[in-house]
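**Student:** Chains A and B are the protein sequences, given in the same order.
Residue numbers are given in our numbering: position 80 of the first sequence equals residue 80, and the series is strictly consecutive.
Count along the second sequence starting at 1, add 1000, and that's the number in our numbering.
Note that these hints are calculated values from the structure, not bench results.
Do not take every clue at face value.
[As the list claims (entries may be wrong)] Sample of chain B residues lacking proximity to chain A, with all beta carbon distances greater than 10 Å (derived):
id	residue
1	Pro1008
2	Gly1016
3	Met1041
4	Gly1058
5	Gly1063
6	Gln1072
7	Leu1075
8	Gly1077
9	Ser1080
10	Pro1083
11	Ser1084
12	Asn1094
13	Thr1112
14	Val1113
[To be verified] With a straight-line cut-off of 20 Å between C-alpha atoms, the simulated EDC-like cross-links for lysine to aspartate or glutamate are:
id	chain 1	residue 1	chain 2	residue 2
15	A	Lys5	B	Asp1038
16	A	Lys37	A	Asp24
17	B	Lys1070	B	Glu1052
18	A	Lys56	B	Glu1102
19	B	Lys1009	A	Glu42
By construction, the Cβ of each residue, glycine as well, lies at the ideal position given by its N, Cα and C atoms.
This is what each chain is made of:
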Amino acid sequence: DQQVKQNSPSLSVQEGRISILNCDYTNSMFDYFLWYKKYPAEGPTFLISISSIKDKNEDGRFTVFLNKSAKHLSLHIVPSQPGDSAVYFCAASPRGSTLGRLYFGRGTQLTVWP
Amino acid sequence: NAGVTQTPKFRVLKTGQSMTLLCAQDMNHEYMYWYRQDPGMGLRLIHYSVGEGTTAKGEVPDGYNVSRLKKQNFLLGLESAAPSQTSVYFCASNGPIGLGYEQYFGPGTRLTVT
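So here's chain A without its partners, still in its complex pose (with noise of 0.2 Å):
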């Protein structure tokens, strides 16, 4: 059972509009997320993460923003570039996790065209 769902599959942008991605999970005890980004033929990369005491962290062009009574975390670039075109995985961490063990959704293809 996926506990943590990118629904979309896919989402093509336009260069220098808002890119918006999107992440839900089931597990309560999730208390920490994360997004990689991966492009073809590399292993994924660290972007930006969030803990559960707050609602918005920012890093640039990018933010994460969690409602946790939705259980929803979302991904915004802003300006979105082409070269921010690569999957992003959601990933989250249970609370008081020893194992350091994250939970991946099944990834949103990001395609920025210019």
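Based on these hints, arrange chain B on the given structure of chain A.
**Tutor:** Structure of chain B alone, referenced to chain A:
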């Protein structure tokens, strides 16, 4: 500082053959993980290790074995390869959990079983 490296990058096996994938990290991380990525399936955890000499099963462990004889190395073995094990395999590592849950990934091994 090479981070996480994986050997080999590509491999083609025939059904029933065996092989070992090697993961090495130079960040002195305690935690290491093996994932497989299949189209539309995201990243699924095969096995993981929370320290030298320890291993544990993840989400999809069947058909795989692992060993962590040295802190910096995590080996993934396929004793009798099957076409269903055709996938891209990623290794990842993580430092002390208290510093965050970010995992650092290797570049991947693309395995084809015919």
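**Student:** Hints first: check each against the structure and report whether it holds.
**Tutor:** Hint check:
| no. | hint | in the structure |
| --- | --- | --- |
| 1 | Pro1008 | holds (14 Å) |
| 2 | Gly1016 | holds (28 Å) |
| 3 | Met1041 | violated (6 Å) |
| 4 | Gly1058 | violated (8 Å) |
| 5 | Gly1063 | holds (20 Å) |
| 6 | Gln1072 | holds (17 Å) |
| 7 | Leu1075 | holds (18 Å) |
| 8 | Gly1077 | holds (20 Å) |
| 9 | Ser1080 | holds (27 Å) |
| 10 | Pro1083 | holds (22 Å) |
| 11 | Ser1084 | holds (18 Å) |
| 12 | Asn1094 | violated (4 Å) |
| 13 | Thr1112 | holds (15 Å) |
| 14 | Val1113 | holds (19 Å) |
| 15 | A:Lys5 to B:Asp1038 | holds (16 Å) |
| 16 | A:Lys37 to A:Asp24 | holds (17 Å) |
| 17 | B:Lys1070 to B:Glu1052 | holds (6 Å) |
| 18 | A:Lys56 to B:Glu1102 | holds (18 Å) |
| 19 | B:Lys1009 to A:Glu42 | holds (11 Å) |
Violated hints, in rising order: 3, 4, 12; the structure is consistent with all others.
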